[in-house]
Amino acid sequence: MTEHIVVVGGGTGGTVLANRLAEKLGPEIERGDARVTLVSDDPDHVYKPTFLYVPFGKKTVEDAKRPLSDLVDRAVDIEIDRVTGIDTDGKRLSLRDGGSMAYDQLALALGAQLVPEELPGLAEGGHHFYGPDGADALRDEMAEFTEGHLVLSVIGTPHMCPAAPVEFVMMADAWFRERGLREDVEITYTYPIQRAHAIQNVADWASEAFEERDINVETFFNADEVDPEDGVLHSMEGKELDYDLLVGIPPHKGSDLVTEAGLGDDGWADVDKHTLESDHAEDVYVLGDLADVPTSKAGSVAHYEAGAVADRIASRTRGQTPTATYDGKTVCFIESGMDEATFVEFEYGSTPTVREPSKPVHWAKLGYNESYWLTARGLL
Amino acid sequence: MSETEHEPDVTVDSRGATCPGPLMDLIGKVKESDPGTVIELQTSDDGSKSDVPEWLDEAGHDLLEVVDHDDYWSMYVETN
Ligand SMILES: Cc1cc2nc3c(=O)[nH]c(=O)nc-3n(C[C@H](O)[C@H](O)[C@H](O)COP(=O)(O)OP(=O)(O)OC[C@H]3O[C@@H](n4cnc5c(N)ncnc54)[C@H](O)[C@@H]3O)c2cc1C
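Quick mapping for you: the protein sequence lines, in order, are chains A and B.
First residue of the first sequence? That's 1 in UniProt numbering, and the numbers climb one at a time after it.
First residue of the second sequence? That's 1 in UniProt numbering, and the numbers climb one at a time after it.
Zero decoy hints are in this set.
Listing some non-contacts, in silico: residues in chain B with all C-beta distances to chain A over 10 angstroms:
(1) 4
(2) 5
(3) 35
(4) 46
(5) 64
(6) 65
(7) 69
(8) 70
(9) 71
(10) 73
Each computed EDC-like pair below joins lysine to aspartate or glutamate, with the alpha-carbon atoms no more than 20 angstroms apart:
(11) 239(A) <-> 62(B)
(12) 239(A) <-> 57(B)
(13) 273(A) <-> 13(B)
(14) 31(B) <-> 237(A)
(15) 29(B) <-> 118(A)
(16) 239(A) <-> 54(B)
(17) 29(B) <-> 266(A)
(18) 239(A) <-> 32(B)
(19) 29(B) <-> 292(A)
(20) 329(A) <-> 270(A)
(21) 31(B) <-> 225(A)
(22) 29(B) <-> 224(A)
(23) 31(B) <-> 265(A)
(24) 273(A) <-> 45(B)
(25) 31(B) <-> 117(A)
(26) 29(B) <-> 237(A)
By construction, these hints were calculated from the structure, which means they are not laboratory data.
No residue lacks a Cβ here, since even glycine has one placed at the ideal position from N, Cα and C.
The shape of chain A in the complex, shown without the other chains (with noise of 0.2 angstroms):
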């Protein structure tokens, strides 16, 4: 008989975990024990930490997108379909072109998805670069953007990558001194805690080098309603915020699929946070930003985890016990201007630190992600 491994999602996590399977059971491939097929509805795989330089010209949205054929193992099958229902009893998927689908394990990668409509005003009045669509439109927004306030909005937590809307701010100050603007622009964070960053230590490290850069620190600022009318960002806390320039970051969600299927009720995924299986049905895994764990929702989350999840499978297909875990292992780069940056790394229960920023970590980071295509294609 062959086991059929499922993965669901053409993203960090599910290219990552495909590519490993095929590495881990290449004979079982080989020889017809195992199959394993990637499952996604964008024939593209789309690496998202390229959204953030985009709005400041220095990337496109094209160079975050690569044919999943060129990055996935030929022993791997790629089905490009829509999974529109998941029965965990009878271990089978539907599929929005193709019928359905039957599995034996079954990996689910979908992602969060993005909804800005949840909060009153955003879509109409707020932009953001957090998809391909609203990088490109907040690109154009910057180049004409020369006085004014800018204001950056954590609006959405949890929210993909942590770091990125402080590195926003870093870079739109550093943007803007270069391009002789700054004076006549002022920049706002806001952050729905007491402090600038969920992670004291970030928190910390942010919130002065926000004061050097003159850069506004709202904090306990969750916000309710944007006025796009009187370019007005009203906060549940009672505080108004004249804007002319709104990034938002916004609402994410899970996904309907996980509630639909009782793997979670809110749309993320309930899951062992060391050995990434459900909570709620057998031989289903779950990893990447979807799966409900207490750590970032980052790539590099996904991709410790989708190594796990591989050691995983791959054992209980060859009919041992697994034994590989996940533990908590995450690292986030941060760019803290347009030339310098520094990176956290820290695991379940421990507390990262930040280091001084440098250039050498700026160049670290654009070269992780040129050579991110070589990891995604479990290269590196």
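Knowing the structure of chain A, use the given hints to seat chain B with the ligand on it.
Chain B with the ligand only, in chain A's frame:
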């Protein structure tokens, strides 16, 4: 286990989540609740005992009571 007189309209179970998870879960619930709603926030994160009251103060909602269970706290909040 301690007793309380407060009958919550909704309960938010944030046990096991670390800061700022419980506070963000509470903020999300407050956002969708009508004034006068009593919310029980269950949290096992020590930080909640300071950051939740601080936010309630800022946003103008009331902390009715904190009940200490052995391995978590129940924070009773009323929205205004
Ligand atoms: C602006 C920005 C900057 C970032 N910077 C960084 C950074 O510097 N470092 C870092 O580590 N992380 C960063 N991230 C976060 C990182 O991009 C995500 O955490 C990562 O992509 C998550 O991987 P994933 O596999 O879970 O989901 P994704 O990469 O989002 O992939 C999801 C895949 O699932 C597919 N899919 C969804 N639904 C279905 C369906 N029903 N059927 C079939 N296919 C489906 C999608 O088409 C997609 O291919 C950034 C994110 C953003 C937005």
